[in-house]
Structures are given as structure tokens and as C-alpha cells.
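The residues making up each chain are set out below.
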Amino acid sequence: MITRLSALSFSRRTLLLAASIAVSGALFTSTVVPLPVQAADGSREGGEITFLIDSLGDTWIPNNSAISSFQGHIWGHVADKLIYVDADGKVSPWIAEKWEQNDTATEFTLHLKSGVTFSDGEPLDAKAVVANLNIWYAGRKNEGINPIGLFPKTYDRAEAIDASTVKVFFKKPTLGFIPTLGYHGSILISPKTIAQPANVQADLGKTSGSGPYVVESWKEGDHVTLVKRKDYNWGPAAVGQTGPAHLDSITYKIVSEPSLRVASVQSGQADVAYNASPQELKSLKEEGFTVATPRYLGFVNGWAVNTKLPPYDDVKVRQALQAGINRQEIIDTVYTPDWKLATSFIQSNVPGATDHSDLLAYNPEKAEKLLDEAGWVKGADGIRVKDGKPLELALHSNPYLATSKSVDELIAQQLGKIGWKVTIRAYDVVTFGEKVKFGGPAIPAYEVTRSFIDAGTVASILTNANNGENWFALDERDTTLNALRDKIAGAGTVEERKPLLDNLQKYVLDQGYFIPRTQIVQRIYVQSPNLKGEVYNGVAYASYYTAYLAK
Amino acid sequence: MSLVSENIPGLSPLEKLRSLNITPTVALSFLVIAIVIAWSLAPQLFSGHSPVNGVPADKLSAPSLEHWFGTDHLGRDLYTRVVYGAASSVSSALVAVVIGVVIGGLIGLLSGFFGGWVDVVFARFVDVLLAIPKFLLAVIVVTALGFETINAAIATGISTIAFFARVARSEVIKTRRATFVEASFLLGGSRGFILLRHVLPNASRSMLPLAVLQFGESILVIAGLAFLGYGDPPPSSDWGLLISIGKDYLKWPWLVYAPALVTIVTVLSVNRISRWLRKSH
Amino acid sequence: MSNAYLTYAGKRLGQAVIVILLAYIFTFVVVSILPGDPITSVLRNPQNGFSEQEIAEIIAAQGLDQPVLVQLWHSLSAFLTGDLGMSMRSNRPVATLIAEVLSSTLILASSGLAVALFLAFTVAYGTQVVPKKYGQGLLRAFPSLFLSTPNFVIGLFLIHLFGFQLRLFRVIEPDGFWATFFAAITIGIPFSAQIAEVLIANLDHEAEQDYAAVARSRGIAPRRLFATHLLKPAALPVVTVIALTVGELLGNSLITETVFGRTGIGSLVQRSVSTQDLPVLQAIVSLGAVIFVLVNLIADLLYPLLDPRVKIVVGRKRRHAAADDAALGLEAGAKP
Chain A
0 MITRLSALSF
10 SRRTLLLAAS
20 IAVSGALFTS
30 TVVPLPVQAA
40 DGSREGGEIT
50 FLIDSLGDTW
60 IPNNSAISSF
70 QGHIWGHVAD
80 KLIYVDADGK
90 VSPWIAEKWE
100 QNDTATEFTL
110 HLKSGVTFSD
120 GEPLDAKAVV
130 ANLNIWYAGR
140 KNEGINPIGL
150 FPKTYDRAEA
160 IDASTVKVFF
170 KKPTLGFIPT
180 LGYHGSILIS
190 PKTIAQPANV
200 QADLGKTSGS
210 GPYVVESWKE
220 GDHVTLVKRK
230 DYNWGPAAVG
240 QTGPAHLDSI
250 TYKIVSEPSL
260 RVASVQSGQA
270 DVAYNASPQE
280 LKSLKEEGFT
290 VATPRYLGFV
300 NGWAVNTKLP
310 PYDDVKVRQA
320 LQAGINRQEI
330 IDTVYTPDWK
340 LATSFIQSNV
350 PGATDHSDLL
360 AYNPEKAEKL
370 LDEAGWVKGA
380 DGIRVKDGKP
390 LELALHSNPY
400 LATSKSVDEL
410 IAQQLGKIGW
420 KVTIRAYDVV
430 TFGEKVKFGG
440 PAIPAYEVTR
450 SFIDAGTVAS
460 ILTNANNGEN
470 WFALDERDTT
480 LNALRDKIAG
490 AGTVEERKPL
500 LDNLQKYVLD
510 QGYFIPRTQI
520 VQRIYVQSPN
530 LKGEVYNGVA
540 YASYYTAYLA
550 K
Chain B
0 MSLVSENIPG
10 LSPLEKLRSL
20 NITPTVALSF
30 LVIAIVIAWS
40 LAPQLFSGHS
50 PVNGVPADKL
60 SAPSLEHWFG
70 TDHLGRDLYT
80 RVVYGAASSV
90 SSALVAVVIG
100 VVIGGLIGLL
110 SGFFGGWVDV
120 VFARFVDVLL
130 AIPKFLLAVI
140 VVTALGFETI
150 NAAIATGIST
160 IAFFARVARS
170 EVIKTRRATF
180 VEASFLLGGS
190 RGFILLRHVL
200 PNASRSMLPL
210 AVLQFGESIL
220 VIAGLAFLGY
230 GDPPPSSDWG
240 LLISIGKDYL
250 KWPWLVYAPA
260 LVTIVTVLSV
270 NRISRWLRKS
280 H
Chain C
0 MSNAYLTYAG
10 KRLGQAVIVI
20 LLAYIFTFVV
30 VSILPGDPIT
40 SVLRNPQNGF
50 SEQEIAEIIA
60 AQGLDQPVLV
70 QLWHSLSAFL
80 TGDLGMSMRS
90 NRPVATLIAE
100 VLSSTLILAS
110 SGLAVALFLA
120 FTVAYGTQVV
130 PKKYGQGLLR
140 AFPSLFLSTP
150 NFVIGLFLIH
160 LFGFQLRLFR
170 VIEPDGFWAT
180 FFAAITIGIP
190 FSAQIAEVLI
200 ANLDHEAEQD
210 YAAVARSRGI
220 APRRLFATHL
230 LKPAALPVVT
240 VIALTVGELL
250 GNSLITETVF
260 GRTGIGSLVQ
270 RSVSTQDLPV
280 LQAIVSLGAV
290 IFVLVNLIAD
300 LLYPLLDPRV
310 KIVVGRKRRH
320 AAADDAALGL
330 EAGAKP
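Protein chains in written order, with numbering that gives the first Met the number 0: chain A, 0 to 550; chain B, 0 to 280; chain C, 0 to 335.
Keep in mind that a hint or two might mislead.
As the list claims (entries may be wrong) - As a list, the in silico DSS-like pairs of lysine-lysine whose alpha-carbon atoms are at most 27 Å apart:
#1 K281/A - K173/B
#2 K173/B - K131/C
#3 K284/A - K173/B
#4 K436/A - K140/A
#5 K166/A - K152/A
For the record, the hints were derived by calculation from the structure and aren't laboratory data.
From just these sequences and the hints, can you work out the full model?
Here it is, written out as C-alpha cells:
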């Protein structure tokens with residue numbers, strides 16, 4: 000967290016955070032956000048766009064689908080959030096106009112905008128927010144309504160103080176609460192919808208949010224059509240617009256083949272193609288199409304190494320792996336210059352990320368030397384052997400990232416040159432979830448694609464403390480890492496936390512615990528040139544709330 | 000097709016060959032199949048490139064003298080990938096046919112030969128398999144087994160069991176009723192003897208062209224499964240997989256059409272041979 | 000026809016019901032072998048950040064940890080009362096899901112069948128009418144070519160030529176006339192080959208018969224011979240081929256719908272397979288079995304009416320022997 004605004008909200012632990020400061024901060028510091036100047040003749044109004052997407056996910060139960068990489072697009076237009084988080088991780092007000100917290104970060108008070116309504120006519124008041132907080136935290140497990148996974152587990156309860164004030168209580172200090180409200184899981188849904196059973200919630204047409212668009216029609220596996228809500232008047236100030244949207248309707252249409260999505264946009268049959276193949280981007284740009292490769296706030300794409308599994312229990316082998324990957328070649332071959340080299344194991348746009356490129360430089364000689372020192376001798380076939388065992392690495396391509404297989408193949412070639420025997424396994428989403436886990440017995444490296452909002456939560460995910468995920472299977476073995484984790488959790492201010500986070504990044508990379516590949520772009524947009532003004536938020540979703548068709 | 004248990008004796012090899020009635024297209028088909036088999040046995044003789052390691056800087060170049068089928072998105076020679084992929088495509092289709100013929104043939108043989116409740120039980124089983132659309136069955140089975148080419152082959156094989164069982168059964172019944180088999184019964188031949196000596200050879204003779212035909216179809220079905228993503232992970236290069244990868248790069252059409260052409264020519268040749276087998280036997 | 004026919008029809012109906020039930024159980028068994036289930040796979044999405052313990056709690060809360068046999072009993076007894084259950088993936092009733100997409104697939108399948116029949120009869124007609132020196136051989140090669148081309152390649156080719164180059168249809172509106180037309184061609188071509196092979200073989204067989212020779216010696220034109228004498232006897236086995244392959248249209252809709260981006264049974268299968276949505280898969284497999292059984296029942300009951308040479312008692316065997324040959328395009332007529 001580097002901005003003035005969040006510094007206020009998290010470090011000073013004072014009781015007050017004035018919305019006016021936040022709004023003005025957002026307005027004056029934002030350079031990426033286009034501020035649409037309302038044309039006098041209203042020429043920006045109207046128009047319909049078609050957005051081609053790979054899939055529209057599974058169920059539409061809001062809790063279960065809000066984090067879906069596909070359905071998140073629809074929820075982003077149909078529902079609002081309490082907080083807005085922009086592409087740089089900056090937090091600003093939305094439905095919550097301002098908020099306060101106590102000294103220990105266990106009690107938060109949210110002050111809501113008034114006059115906000117859901118599309119079914121229900122008011123978005125304190126009671127509605129309490130209902131949402133409760134279902135985010137607990138879900139209704141017996142009905143198949145899941146909790147929101149990343150919602151703080153330390154949640155205790157929420158109370159509606161009056162119609163526009165909510166007080167939220169936590170069992171333990173929870174600094175990450177406010178940013179979590181801007182995460183894609185935290186969408187505000189009408190209490191009437193929330194009260195419905197799972198099979199009614201699964202019908203998207205019956206769900207009401209408070210967003211700038213409402214669902215006009217939808218068909219499973221085919222499309223969702225949204226139409227503008229004319230009385231919408233509570234957009235996030237940070238995007239420079241609070242009134243109704245410009246575009247009359249947005250249709251999300253499933254076309255599963257990436258090349259067909261792109262070709263449809265090229266031939267003018269649609270306006271946006273999601274997840275194009277990176278190879279095609281260069282020529283698309285040359286043809287004048289808008290190509291957006293926003294990065295989400297989160298981890299870079301890379302491997303969490305299983306330190307329990309030989310030979311990766313040997314730091315030299317891990318360091319050889321770190322030095323044996325030519326990351327520039329990945330970008331040159333599989334991607335385009337729109338992709339950024341990893342500089343750490345978290346994306347460089349995350350507040351608190353620091354540059355450790357020196358640790359990630361391609362150095363095959365160093366890698367070979369390290370392997371020699373570790374006792375791995377090159378055999379006649381070029382594969383290194385120790386104690387009769389070949390130097391093996393089994394990769395499990397991440398099914399959530401389309402380019403994962405190609406990157407794996409390229410890395411297999413690179414590592415092959417220094418004596419690694421790399422095998423690639425590709426599973427579908429179901430099998431991957433079942434068989435490939437952090438620190439799994441046959442999983443030397445888990446390929447990470449994960450977004451988060453607040454870097455402060457990173458350290459505890461890496462270790463096994465507090466329900467952490469123990470990414471490197473270190474358990475409690477690494478006292479240095481654990482000490483850093485505890486200090487980060489206990490840090491009172493962003494200034495205090497920053498050098499600790501820097502140390503953490505340096506340590507994890509130097510130990511070869513995390514092997515970054517590239518910074519991740521999980522959402523690629525190819526857009527027709529006359530569609531302008533869209534905004535990308537902190538989780539890299541495109542919002543067409545501010546967009547318009549140039550005539 | 001006549002019911003004989005032995006070849007006609009007294010023909011010289013040359014006469015035999017002539018009696019086979021090999022037309023130019025049949026000869027060409029055999030040549031194609033010979034090349035494909037050679038590819039699968041010794042791919043390194045046909046290409047100096049590596050199927051796995053490419054030159055990233057040469058990615059997506061068009062077909063040329065250096066790269067007959069062009070290069071793919073990682074700069075690998077596509078012709079080489081096709082040659083090296085032959086082994087997997089051919090062997091998986093073979094596995095599918097063997098499963099179909101052996102299991103299906105066995106079921107047909109037993110139910111046709113023994114009749115009675117054996118026939119009834121097998122008939123219901125076959126009815127079930129027959130009633131489920133073949134491709135749907137293959138997709139469900141391959142999901143159960145896991146997404147690998149060999150599993151796609153097994154799934155394809157299972158989906159053809161019903162068909163071969165049917166054919167085998169009707170052939171067996173036909174043979175059983177033939178005069179010479181009745182005669183063998185009367186002469187006191189044991190059931191097993193008759194099954195092995197008369198019924199099996201006759202049934203298998205009529206199943207051979209079908210098996211060859213099924214081989215071609217299996218290549219297509221397995222390619223179809225690979226197209227839907229139920230094939231091997233990279234860097235393997237089954238033909239179906241190559242087409243499937245190629246479809247993501249339609250700006251570079253050779254990535255789809257080169258492996259597609261090889262597949263079509265191979266299957267066409269197989270079908271021609273099957274037809275020839277049917278006519279000349 | 001009355002009593003024997005009714006007994007026969009009743010017996011066939013009983014068999015049909017058994018086959019459908021067995022197909023339902025078969026699917027359950029196959030899919031139950033699968034590791035994982037749709038619920039867990041959704042929960043394991045890395046963006047969720049659930050721990051293993053939380054996942055186990057959610058699973059238990061929904062009673063998904065029951066023994067397999069208990070689950071089968073529940074689903075089978077529901078199926079018998081006409082309840083197809085709830086989709087595990089989308090939390091919506093399976094019947095609704097299927098109803099939403101069925102019409103699209105039926106349109107695709109029936110227009111595919113129409114395309115297949117048209118192509119098959121055109122090619123077959125050509126083989127009888129076009130003289131040998133003017134490319135009859137080429138026409139005869141068509142079925143084989145059709146049978147050797149992966150239909151996803153045909154589909155990709157058609158989309159690119161007509162969708163993007165000639166702009167005849169919009170790829171994002173796969174239910175439009177031209178898009179449906181080309182999808183029908185894609186799914187119809189392999190079937191046209193099967194039908195054409197049977198048809199050509201039978202036409203050749205009929206053309207060799209004495210009555211055809213007599214007709215020709217009287218100087219009848221090939222076109223007239225085809226229309227008045229050869230067509231009817233040769234076309235009868237086609238009924239059998241259609242009956243046996245119409246279920247395959249359902250299976251093959253998977254690829255065609257994927258390529259053309261149509262929403263139908265095929266794409267529903269694909270989504271359900273990738274998330275192991277057992278209730279949906281069971282329902283679709285049963286649907287396939289129902290269609291297959293029904294169509295064959297109709298063909299069985301029609302066949303004696305169409306071909307007076309076939310008596311009911313032997314009807315079934317005779318038809319199925321022909322069917323076995325016909326399904327793979329054997330030259331049925333040429334066999335002894």
C-alpha cells in the first residue's frame with residue numbers, strides 16, 4: 000500500500016477517514032482513468048456491444064460464481080461493491096462513502112451512500128449490507144451456497160446501527176477487511192435474492208443487484224444480455240462517472256474457440272474478444288484494434304516448489320532452477336512485449352512489490368555449476384544423474400491459464416539444455432483440482448495463478464500458520480520465513496511493513512522457494528477501435544460502465 | 000464371400016499376386032500406409048529436426064523447402080511433428096481396433112456359438128452399448144479414464160465392441176449352419192475343435208476388412224477426441240492434437256491443414272485397402 | 000398382423016425399457032469411477048482460497064459423502080418417477096437444462112440428416128447416370144473421401160470460407176439460417192457417406208438383375224431406369240441405416256456444436272463432462288438410448304409394411320443382419 004489514501008486507512012489507525020479526501024485523492028492522482036467529458040449533444044449515449052467470451056462458468060449462485068474469471072465480468076456490471084480498488088491497488092469509496100476503524104482493527108464502521116436501490120426495488124441500506132456480509136462469511140453450506148473463500152475468517156458479526164451505518168466486528172485484528180470489500184467476491188446482492196433457495200439463485204434472471212446494468216435475458220452455455228439501468232446514480236467516483244452508463248446493452252456471448260472470437264471481432268461481427276491467443280496480438284494491433292493486457296493484483300505466474308520432494312529439498316537445485324529459466328525467451332516466444340518480466344513473486348503493480356530482477360536473471364552457467372556442486376552429473380544423453388536417479392521435473396500445466404502448456408514446453412527445452420528431464424502433464428480443471436495440490440507427493444512444482452488485494456496477506460498464505468496454505472511444504476521448518484511472517488502480520492503501519500515485505504520477497508526468491516515465470520495477464524481483451532473508455536479494475540476485469548462507441 | 004476353410008491350393012506366388020487384382024489406387028494406398036508405418040517405426044530417418052525442441056525465433060514461418068509444413072508457435076518443424084506423431088496416431092488406432100475386435104469378436108463368437116442364455120445376456124449388453132451414441136460413449140469413457148491418447152484409444156475401442164460383437168455373431172451363426180460344419184458335427188468333432196477349426200477362421204476372414212475400415216475410423220475418432228481436448232499433453236504430436244493446436248492459430252492455416260491432409264490421405268488409403276480386401280477375398 | 004404383431008411390439012417395447020434403464024446405470028457406474036466431482040472442483044478453484052478442511056466441511060454439509068450405492072438408488076428411483084434431478088454444476092433442474100437446448104440440436108440433427116440424404120441420393124444418382132468415362136469413378140470416390148475427412152476440419156474450413164471470407168453468416172449467431180446450414184453440412188457429410196455407400200451398392204446390385212437388363216434392352220434411358228425401377232428396392236435398406244445412425248447424430252453434435260459455437264446437447268455434454276456433472280450426463284445418455292430405441296422400434300414396425308417380402312416373425316433378424324452390413328457400408332447386395 001503506497002498511496003496516500005490507504006496509508007491513511009491502514010497506518011494511522013485513527014478514527015476518521017473522510018470521504019472527501021478519498022474522492023479528491025482518487026480524482027487528482029488518477030491518470031489512467033479517462034474522464035469522459037459529457038458531450039453536449041449526448042453523442043456518446045446509446046449503442047450495443049457484443050463481448051465474446053470462452054465460457055460463462057457453471058452455476059450462477061452469486062456466492063459461488065462471483066470469483067469466476069468469466070462470470071466476474073457479468074457481476075461487475077450487475078452488482079456494485081462497497082469499495083472500489085483500481086488497477087494500482089488504490090482503495091476508494093463506492094457504496095461505502097466513508098469508513099472508520101478502531102485502534103486494534105477489530106471494529107469497522109461503514110457509512111453508506113443513501114438512495115441506492117437494487118433492481119428489484121429493495122433499498123441498499125445497512126440491513127442489506129449486513130445480510131450480504133453474513134452470507135459472504137458463512138454461505139448456506141447445506142444448500143450448496145458456499146462462503147466467499149477469501150472473506151476474513153475472523154469475522155464475528157455485523158450490525159445495522161441505522162439505515163446507512165453498519166458496524167462490523169472481528170474476533171482478531173483484520174487489517175485486510177476494507178480492501179477485501181473491493182475484491183470480486185464481495186458483490187452486493189438484493190436481500191430478497193439472498194433469501195431465495197439455491198436453485199432460484201442459480202437462475203441469473205431472478206437475481207437483483209444494484210449495478211449499472213440489469214440482466215435482460217440469458218441462456219445457459221450461450222449468452223447473457225445486459226441492459227442499462229436508467230436510474231443508476233451511484234457509480235464509483237474513482238472512474239470519473241457516477242450516473243447511468245452510456246451503452247444501452249452489453250451481450251456476453253460464448254464462443255469457445257479463441258481464434259473464432261478474434262476473427263469475429265476482426266470481421267466486425269463483435270466488439271470485444273476475450274482471451275485471444277497472445278501470438279495474434281501483434282498483428283491485431285497493427286490492424287488498429289485495441290489490445291488490453293491488464294495485470295491483476297496478485298502473485299506472478301510461477302511455481303511454488305515442494306521442498307519436501309527430493310531433489311528439491313536441496314537449495315542448490317532450486318537455485319539452479321531459478322537461474323536456468325530464460326524468462327525473456329518466454330515473453331519473446333509465447334507472449335508479446337505486453338507481458339512484463341517478473342521482478343518478484345508478486346506482480347510489480349502490487350503496492351509493496353520490490354524489484355529483485357537480479358535474482359531472476361538467466362544464467363545457465365551458474366545453474367550448471369550449482370547442479371555440479373549438488374552432485375548431479377551429466378550423463379551421455381545430456382541428462383544429469385545422481386545416485387542412479389535422473390534429474391526430473393514433472394510439470395502440471397495450469398488449466399486456468401491458456402498459455403501454460405506452451406510456457407511449460409518452452410521451459411522444458413531450456414531446462415533440457417542444462418540436464419533436466421522435464422515431463423509435462425496436462426489435466427482438465429476437475430482432475431487438476433483433485434490431483435495437483437501445493438506440496439502434493441508427486442508435485443514438485445505447483446503453478447500459481449492467484450490474485451489478491453492486499454500484499455499483507457501473502458506471508459501467511461505461504462506458510463501453514465492460521466489456516467495458511469503452506470505453499471512450499473516447509474511446515475514450521477524455516478524459522479527465517481516464519482519470523483518474517485509474524486513481523487508482517489504484526490506490522491502497525493505500511494511504512495513499517497514495507498521493508499519486511501522486501502525482505503520476504505528477496506528471501507523467498509533467493510531460496511528458490513518460488514520460481515517466477517512471467518508476470519501474469521490472465522485476461523486479454525481485443526477490442527474494436529471505436530469502442531472506447533472502458534476501465535480495468537484491480538482484478539483486471541474490464542468495466543464497460545464508462546465505455547462508449549465513438550461515432 | 001464364400002465359406003472356405005482353406006486357401007485354394009496349387010497357385011504359384013505370382014499367380015496369387017495377380018489374382019489379388021491390385022489396381023493403381025490400391026498400390027498407392029499401400030505405399031501411403033507403408034510410409035506412415037515407416038514414420039511410426041523410425042521417424043528419425045525422415046527428418047533431421049527435433050519434434051520437441053524448436054528454434055523459438057523461427058516461430059510460425061510458412062511452408063518452405065526447409066520446413067515442408069512450416070513451423071508452429073514454438074518454432075518447431077511441423078512436418079517433423081507430423082512424422083513423429085504418426086507412431087502415436089497409428090498405435091492408438093490399432094489399440095482401439097484390437098479392443099473392439101477381440102472383445103467384440105469374443106462376445107459375438109460365444110453368443111453365436113452357444114446361443115441360449117449366453118446369447119441373451121450378451122445381447123442385452125450389446126444392446127446397451129449400441130443404444131448409446133458411439134462418440135458420446137467414447138467421451139464419457141475417456142473422461143473416466145483420464146485425458147490421454149491411450150485412454151482415448153481404449154474409449155474408442157469400447158465404443159466399437161457392440162458393432163464387432165454383432166458382426167461376429169451373425170458370421171458365426173452363418174458358418175454354423177453351413178454344410179461342412181454340420182458335417183463336422185455329424186462326424187463327431189468336438190465343439191472346441193469346430194470353433195477353432197471352422198468357425199473362427201471363417202468369421203475372422205469376414206471381419207478383417209471391417210477391422211481395417213475401423214482402423215481408419217478410429218484414427219478419426221481419436222483425432223476428434225484430441226480436438227475436444229481429450230488427448231495427450233504436450234509435447235506429443237498426435238495428428239488430432241496438431242489439428243487441435245492449429246485451430247488456435249488460424250492465421251497460419253498450414254498448422255491445421257497440413258496435419259489434416261495427412262490424416263485424410265491416411266484414412267482414405269486405409270479405406271481403399273479395406274474395400275479391396277472385401278472384394279478380393 | 001394383429002396378435003403376433005402386438006406380442007412382437009410388446010416384447011420390443013419391454014426390451015427397449017430395459018435397455019434404457021441399463022444405459023442409465025451404465026453411465027452412473029462409469030462416471031462414478033471418476034475422481035472428484037463438480038462441487039469439489041468448483042471449490043478447488045485457486046481463486047477461492049478454501050483450505051482442504053473447509054472443502055470437506057462443505058461436501059459433508061451437502062450429503063455428498065454418501066456411499067455410491069445409496070446415491071445410485073436415490074437417483075434411479077427418482078429417474079423412474081420421471082425426475083431427472085438437479086445439475087450439480089449449475090444448481091438448476093436437469094430437465095430445464097435439456098429442454099433449453101434440445102430444440103437446437105434437433106434442428107441441427109434433422110437438417111444434417113436432410114443434407115446427408117440429399118448428398119447421398121445425388122451422388123448415388125450420379126453413379127447410375129454419369130457414364131464411366133465422364134467421371135463416374137470420381138463420384139464413386141466421394142463417399143470414401145467424406146468418410147475419411149475429420150468433420151471438425153470440414154467445419155473449420157466452412158466457417159473460414161463462408162463465415163469470414165465470404166461473410167455469408169455471423170459466427171456469433173450460430174442459429175441463423177446459413178450458420179445452421181453449414182453446421183448441417185458438417186454433421187451431415189459423414190452420414191451421407193454411409194448412406195451413399197449402401198445406396199450405391201444396392202443400386203449396382205439391382206442394376207445387374209434380370210429385370211434391369213430387360214429394361215435396358217428395350218432402350219430405357221438410365222435416368223428413367225433409375226427413377227422407375229432401381230430406386231425403390233435400393234432405397235429400402237437406407238431406412239435401416241438411418242435408424243442405426245440417427246443416434247450417432249446426437250453424439251457427433253458434440254464436435255459440430257463446439258466448432259460452430261452452437262448451444263445444444265453436444266455442448267451441454269462437453270460442459271457436463273468437464274465438470275463431471277453426473278445427473279446431466281445420465282439424462283443425456285438415457286435420452287440417446289431412448290431416441291435410438293424409439294427410432295429402431297419405428298423402423299422395425301415399418302419395415303414389414305414397406306417390404307412385403309419380410310414377414311414379422313423373421314423381420315427382426317433379417318433387418319438386423321442387413322443393418323450390420325449397412326452400418327459400415329458393406330455391399331450388402333453383393334453378398335450371397
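Decide if the proposed pair is consistent with the structure: K173/B and K131/C, CA atoms, cutoff 27 Å inclusive. violated, 36 Å
Would the pair K281/A and K173/B pass a check requiring their Cα atoms to be no farther apart than 27 Å? violated, 66 Å
Going straight from one Cα to the other, do K436/A and K140/A come out at no more than 27 Å? holds, 23 Å
Holds or violated: are the alpha carbons of K284/A and K173/B at most 27 Å from each other? At roughly 68 Å apart (the allowed maximum being 27 Å), K173/B and K284/A break the hint.
For a C-alpha distance cap of 27 Å, please report whether K166/A and K152/A respect it. At roughly 17 Å apart (the allowed maximum being 27 Å), K152/A and K166/A satisfy the hint.
In the structure shown, a violation is registered for the earlier hints numbered 1, 2 and 3, in ascending order.
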